[in-house]
Amino acid sequence: MLHTSTTSAFVSRKVKNTVVKNTVVKSILLIPLVIVLLTVSAGFAYVHWSKGGTGAGLYSRHWSPDPVQGYWDPDNFYQSTEIVKGLFKAEQCIQCHEEITPGIVSDWRASRHARSEEPIYCNACHGNDHQQLRLPTPDECGRCHAKQHGEFRDEARHGFPSHVLAMERAVDTKHFADKPKAELQSCVQCHSVATKCDSCHTRHRFDAAEARRSEACITCHSGPPHPDGETYFASAHGKRYLAEGSDWDWSKPLTKGNYKVPTCAYCHMDGGRHQVAHKSLWKFGLREINPHTSQNRVLRENWIELCSDCHDEKQAGQWLTELDRERKSAWRKLYAAEDILKRLRGDNLLRPAAGERPPYPMDWLDSLWPRERIGFFEGQASAFYNVSAIERDYFEMWYFENLGAYKSAAHGNQAGVEAGHRKMAASLDRIKSKSDELRTLKKVRQKAKIKSDLPGAPWAKGAYTDYNREHN
Amino acid sequence: MLHTSTTSAFVSRKVKNTVVKNTVVKSILLIPLVIVLLTVSAGFAYVHWSKGGTGAGLYSRHWSPDPVQGYWDPDNFYQSTEIVKGLFKAEQCIQCHEEITPGIVSDWRASRHARSEEPIYCNACHGNDHQQLRLPTPDECGRCHAKQHGEFRDEARHGFPSHVLAMERAVDTKHFADKPKAELQSCVQCHSVATKCDSCHTRHRFDAAEARRSEACITCHSGPPHPDGETYFASAHGKRYLAEGSDWDWSKPLTKGNYKVPTCAYCHMDGGRHQVAHKSLWKFGLREINPHTSQNRVLRENWIELCSDCHDEKQAGQWLTELDRERKSAWRKLYAAEDILKRLRGDNLLRPAAGERPPYPMDWLDSLWPRERIGFFEGQASAFYNVSAIERDYFEMWYFENLGAYKSAAHGNQAGVEAGHRKMAASLDRIKSKSDELRTLKKVRQKAKIKSDLPGAPWAKGAYTDYNREHN
Amino acid sequence: MLHTSTTSAFVSRKVKNTVVKNTVVKSILLIPLVIVLLTVSAGFAYVHWSKGGTGAGLYSRHWSPDPVQGYWDPDNFYQSTEIVKGLFKAEQCIQCHEEITPGIVSDWRASRHARSEEPIYCNACHGNDHQQLRLPTPDECGRCHAKQHGEFRDEARHGFPSHVLAMERAVDTKHFADKPKAELQSCVQCHSVATKCDSCHTRHRFDAAEARRSEACITCHSGPPHPDGETYFASAHGKRYLAEGSDWDWSKPLTKGNYKVPTCAYCHMDGGRHQVAHKSLWKFGLREINPHTSQNRVLRENWIELCSDCHDEKQAGQWLTELDRERKSAWRKLYAAEDILKRLRGDNLLRPAAGERPPYPMDWLDSLWPRERIGFFEGQASAFYNVSAIERDYFEMWYFENLGAYKSAAHGNQAGVEAGHRKMAASLDRIKSKSDELRTLKKVRQKAKIKSDLPGAPWAKGAYTDYNREHN
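As they're listed, the protein sequences go chains Z, B and W. Just so you know, we're using this note's numbering here: the first sequence kicks off at 1 and counts up by one. Just so you know, we're using this note's numbering here: the second sequence kicks off at 1 and counts up by one. Just so you know, we're using this note's numbering here: the third sequence kicks off at 1 and counts up by one.
If we strip away everything but chain Z, and leave its shape as in the complex, we get:
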């Protein structure tokens, strides 16, 4: 018995051990599971909470919209004017607004909306309760224009940059809350291409013929870092447009043989397809790309086919090769500049160093652990403000001069290629000379035993930091 008992005791202990062990194993398995579940839930809850502010996007709690934002992002922020009370019929809108705002009525009268057999009146898009008016969103337009809307939405597959994600990705970045709002407004007006259709089709005419013209695109697609308008109109294509375009029949679809020269939409929205992102090969010139990946080879073939509407295929291919070479040459200059800056940073020669200036408001990590950053890093364009002049030079070299050269090469504006590369070369010379100066000065300081820190340094406050925030 004793034996048995001991045995059973032994067995029971063994069982107990196994149970304990199992429980321990289970607990060990369970704990991280629970942690993961909790973390993920917390993460979701945090993101959800983050989006719950008066603004929009991931940083919605850090900014509140200016009233004018309602016109740029009506779905989120439009508040109807409440001066006039009542429900109105279609003809009543026209009758009254013919007096108040005759321009928009005459535009509407000239539109297909007015001239179709069953006219689309104001109330179809704006509602008829004058205290609950709405501004139409792309979804509203898409109720009738399903094909175009579907193509437009399809851009999302390609990520950003794309038209359809322009607003969403804008409000989801840190510098949306960092940057003084008065300046942000200039960004948002163009990014609103995602949230309303009249960026390209001027209300209330909504003319396809208008949108086919390059003028429709260049309100936004102009100026650094995307001088599309300037480079197109400076090309041989653009010059012929300028000379003859006012006599062309813009009611024709954007297909082979209908236009003397290509326009913005002819190439980027060929056949009227409302999807621009699927053609992106060189990624705006922001990064060096390999133009010969299998995917990019397909894109090249698409471009060559398009150019062949007018030109010899062989010539089209050779032009693309020129563009590749231009890009390679640009990146050589950029890498040379970045290299110099990294060495200066490594030798602690750039002021303000990390920690010598206030952190960017949204960058809590940076306030705990200040890091040096040279070159492009996504989502924090504000990191190029309140920095040394030489770093700023590099930023402009990359973001403006380089991208200007790229767009010029892509749009056939030879003077722009020259200008971009000439400016990059000048920036590089400036960066080199400044590097020489900083290093000489350091030697002298060391000899004279003078520390670099200065009282009353101007970096303590600055743009895009606490200094000039507008409590966005």
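Note that these hints are calculated values from the structure, not bench results. Please read all numbers here as calculations on a predicted model, not as lab measurements. Accuracy of the hints is not assured; some may be wrong.
Remember, identical chains collapse to one label, so a pair may be satisfied in a single copy or spanning two.
Unchecked claim - Heads up, simulated BS3-like pairs for lysine-lysine below, C-alpha to C-alpha not over 30 angstroms straight-line:
| # | residue 1 | residue 2 |
| --- | --- | --- |
| 1 | 174 | 51 |
| 2 | 256 | 89 |
| 3 | 174 | 451 |
| 4 | 174 | 89 |
| 5 | 174 | 283 |
| 6 | 85 | 461 |
| 7 | 283 | 256 |
| 8 | 314 | 279 |
| 9 | 342 | 443 |
| 10 | 442 | 279 |
| 11 | 314 | 51 |
| 12 | 89 | 252 |
| 13 | 256 | 85 |
| 14 | 461 | 443 |
| 15 | 461 | 147 |
| 16 | 342 | 174 |
| 17 | 461 | 252 |
| 18 | 174 | 252 |
| 19 | 279 | 451 |
| 20 | 85 | 314 |
Fit chains B and W to the supplied structure of chain Z, relying on the hints for placement.
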């Protein structure tokens, strides 16, 4: 008697004393009066004398007009061509000039002057003695076009900047005599808007339809510091103008409903009123203003009413608020830069310091008592020449980048707002970095006991000083 | 006999001496002649050999053409597409290309080539063997358009710059081989005006009316250093063109009375003469010229006569005088800047000094004997790359700001004159400040006994040297 006599003597002495005292008091009162009268008279005489030179304005004795000035300021300087002799009748002018200068005749034939029942021939404005021809001044045109001329003259009430005072105020400033004349000529061509009507109405067609187009304004209203043309044509308004404007009926008056988008004149000369100055609210962006003074509130309401020709009143008001915010943001940057410069000046770190360079020729006070000056000071724009690079940076930040941002915000050119603020931010970074450098260098100099003065300094001579004067 | 013999011996010795002397003299005369002949022959042979590479011009052995070069310089480099085989008749070309490239066919149909009684079909210029197609050169066009071609060729008399020598002189310069080819391509596209006629007359319409419009010129004549388009369109002439040009009858010849304002071609190719170079007076603003040499006086008279198509002769002359003064003022600034740089160079204060950077690839002399060079030196524009920032500043001051001011003054764009001179003044201020800094730093270095040479200097490699050559 004695008593009497002594009394009378006493009295007479008292009277005498009083008389003496009165005379003294009178003299004391008289002397400053005479001095004031003499001084004022002398002042008037001096100003009168100053204006008596071969030039015009307060500094007329310091410059003489180039012959071409006669075409820009005919009242003061035009000298008739004397090649042809004789008195000519209206038809004779036409007959001869049809051969010699057919372009101006064909322009005249297309004008209302030619097509009215009683045609206005050449001699009506130019006279008929070919050796005593005159170029018509605004007053000459005003003989018939009294309403427009009256409105134009009425701008004077608002001071400068205004069209009607453009020439007068130009020649009344010191830098008119300081600046090399070859460069001044580029200023005067636009300032001649005050002294001849064909700045806007091309001779000899003088077409109202032409002047309604934005092209008529932008020969002058372009380029820094007033990029009106660039910012308008880059806006959504401007793009529609570019695409469709050549098909519009420009014979229509500038009133509600007649134009698809506003043009320069539609907003600034609404209803065709030849008075632009009364609408000035933000003072060209040159100074920070309070947009909410009672006077400015009235101006705001005027603008909102104008925008309401096409837009919702509420939206118009919100756009103006955006403009206010943009201005505030710009001034933050400008003040930050000015502050750094003032500190550098205070610490004697900017070269050339006052006195290290030749005084501006017209600034006799400066030659006696050299003063440091940072920031904007009226009437002496030449004070921004032959100065340290960092001061020049600040000048350009204020006068070009800031004003570019302002015009962009006011005209709805979002990319221009971004560009202006981006450039100001870059200038501020440059100014900060340079401040760091100058302070470090000073420390090093002090340690090494090296004075800052350098032999052969390049500032001894320089632009806008004695160096390159052309004996204007 | 003896006597005779001695005499004769003497005589013969004398004769012999004379013969020897004569031979020596002859040899002495002959040797340099032979050397000269050999050298000249060797020179010719060397030049001939130099031109024998895969490229073109004096440096043809140092670069090989990108395939696309065939479209810009067809005579040297075009290789026919070989996809399609066969000999085709005129109508067959049309039939097939109506489908493949309808745009060029419709342009041809609208051309005088197609609409003349005996149409000029594709094969007339391209041949009819599809594997041996050629692109027409100016000589090809000249077979029919002899007058225009003759005038065009006649430009050669005036040397470079001229259209007819644009390509030849481009490939004959050192920096054609120095410069990264990707950038060169942007230059060559415009220089191809020498090697094909469709730079101005867009293929396949070849419309004289198109070439009369300023748009035809400004694909190339825009941007620094030749902002012809910008300055023309910013002038009063240009503004009227912009407002009204689309309504003008461009089929009219470029003669007096046919156009409201002058265009590029109206002034520079008056009467349609295809010879632009004979009017060059101010030499592009590249050098200071004396406008009053006897030759230049003739050119002035020509210009004044042209301006007199519309303006008073006296006024035209006064405008030219203004242009002279503008030029003088510009050169004062340029000389002041050059002077400062030369002193800095003399005091060995500019880095990289000669020899501190790799020589330009084509400049073998520089690799043996590094020379300092400040200012303009022909045929080696690449010498402005990989230089100190202050030298680069001077280069831009001279080549862009100065030339911009010149073109503005010549084309009547007052804001451009102001901008050019303002920028030159700012550059001069920057150069002066930098000079101060470099001199102060030198003093400090001397006191602290620190040499200027730095380890890891950034100049060891650089643009236009061995660093980023693309084995052109």
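So, going through the hints one by one against the coordinates:
For the homomeric pair residue 174 and residue 51, the shortest alpha-carbon distance inside one copy (13 angstroms) is at most 30 angstroms, but the shortest distance between copies (59 angstroms) is not. For the homomeric pair residue 256 and residue 89, the shortest alpha-carbon distance between copies (25 angstroms) is at most 30 angstroms, but the shortest distance inside one copy (44 angstroms) is not. For the identical chains of this complex, residue 174 and residue 451 are neighbours neither inside a copy (34 angstroms) nor across copies (46 angstroms), given an alpha-carbon limit of 30 angstroms. Taking CA atoms no more than 30 angstroms apart as the test, residue 174 paired with residue 89 passes in neither setting, with 45 angstroms inside one copy and 66 angstroms between copies.
Within a single copy, residue 174 and residue 283 get their C-alpha atoms as close as 22 angstroms, which meets the 30 angstroms cut-off; across copies the closest is 35 angstroms, which misses it. Proximity of residue 85 to residue 461 under the C-alpha cut-off of 30 angstroms is found in neither arrangement, the shortest distances being 49 angstroms within a copy and 72 angstroms between copies. Within a single copy, residue 283 and residue 256 get their C-alpha atoms as close as 26 angstroms, which meets the 30 angstroms cut-off; across copies the closest is 45 angstroms, which misses it. In this assembly of identical chains, residue 314 and residue 279 lie within 30 angstroms of each other by CA distance solely inside one copy; the values are 20 angstroms within and 40 angstroms between copies.
Proximity of residue 342 and residue 443 under a CA criterion of 30 angstroms is satisfied in both settings, with 19 angstroms inside one chain copy and 27 angstroms between copies. In the homo-oligomer, the alpha carbons of residue 442 and residue 279 never lie at most 30 angstroms apart, since the shortest distance is 49 angstroms inside one protomer and 55 angstroms across protomers. Taking the closest pair of Cα atoms, residue 314 and residue 51 come within 30 angstroms of each other only across two copies (28 angstroms); inside a single copy the shortest separation is 52 angstroms, beyond that limit. In this assembly of identical chains, residue 89 and residue 252 lie within 30 angstroms of each other by CA distance neither inside one copy nor across copies; the values are 35 angstroms within and 32 angstroms between.
For the identical chains of this complex, residue 256 and residue 85 are inter-copy neighbours only, at 25 angstroms across copies versus 51 angstroms inside a copy, given an alpha-carbon limit of 30 angstroms. In this assembly of identical chains, the alpha carbons of residue 461 and residue 443 lie at most 30 angstroms apart whether taken from the same copy (29 angstroms) or from different copies (23 angstroms). Taking the closest pair of Cα atoms, residue 461 and residue 147 never come within 30 angstroms of each other, the shortest separation being 51 angstroms inside a single copy and 55 angstroms across copies. With identical chains, the CA atoms of residue 342 and residue 174 are at most 30 angstroms apart within one copy only, with a shortest distance of 24 angstroms there and 34 angstroms across copies.
In this assembly of identical chains, the alpha carbons of residue 461 and residue 252 never lie at most 30 angstroms apart, being 56 angstroms within a copy and 54 angstroms across copies at closest. Taking CA atoms no more than 30 angstroms apart as the test, residue 174 paired with residue 252 passes in neither setting, with 44 angstroms inside one copy and 50 angstroms between copies. For a Cα distance limit of 30 angstroms, the shortest separation of residue 279 from residue 451 qualifies neither inside one copy, at 54 angstroms, nor across copies, at 55 angstroms. For the identical chains of this complex, residue 85 and residue 314 are inter-copy neighbours only, at 16 angstroms across copies versus 65 angstroms inside a copy, given an alpha-carbon limit of 30 angstroms.
Figure legend: structure checked against the earlier numbered hints; hints not met, in rising order: 3, 4, 6, 10, 12, 15, 17, 18 and 19.
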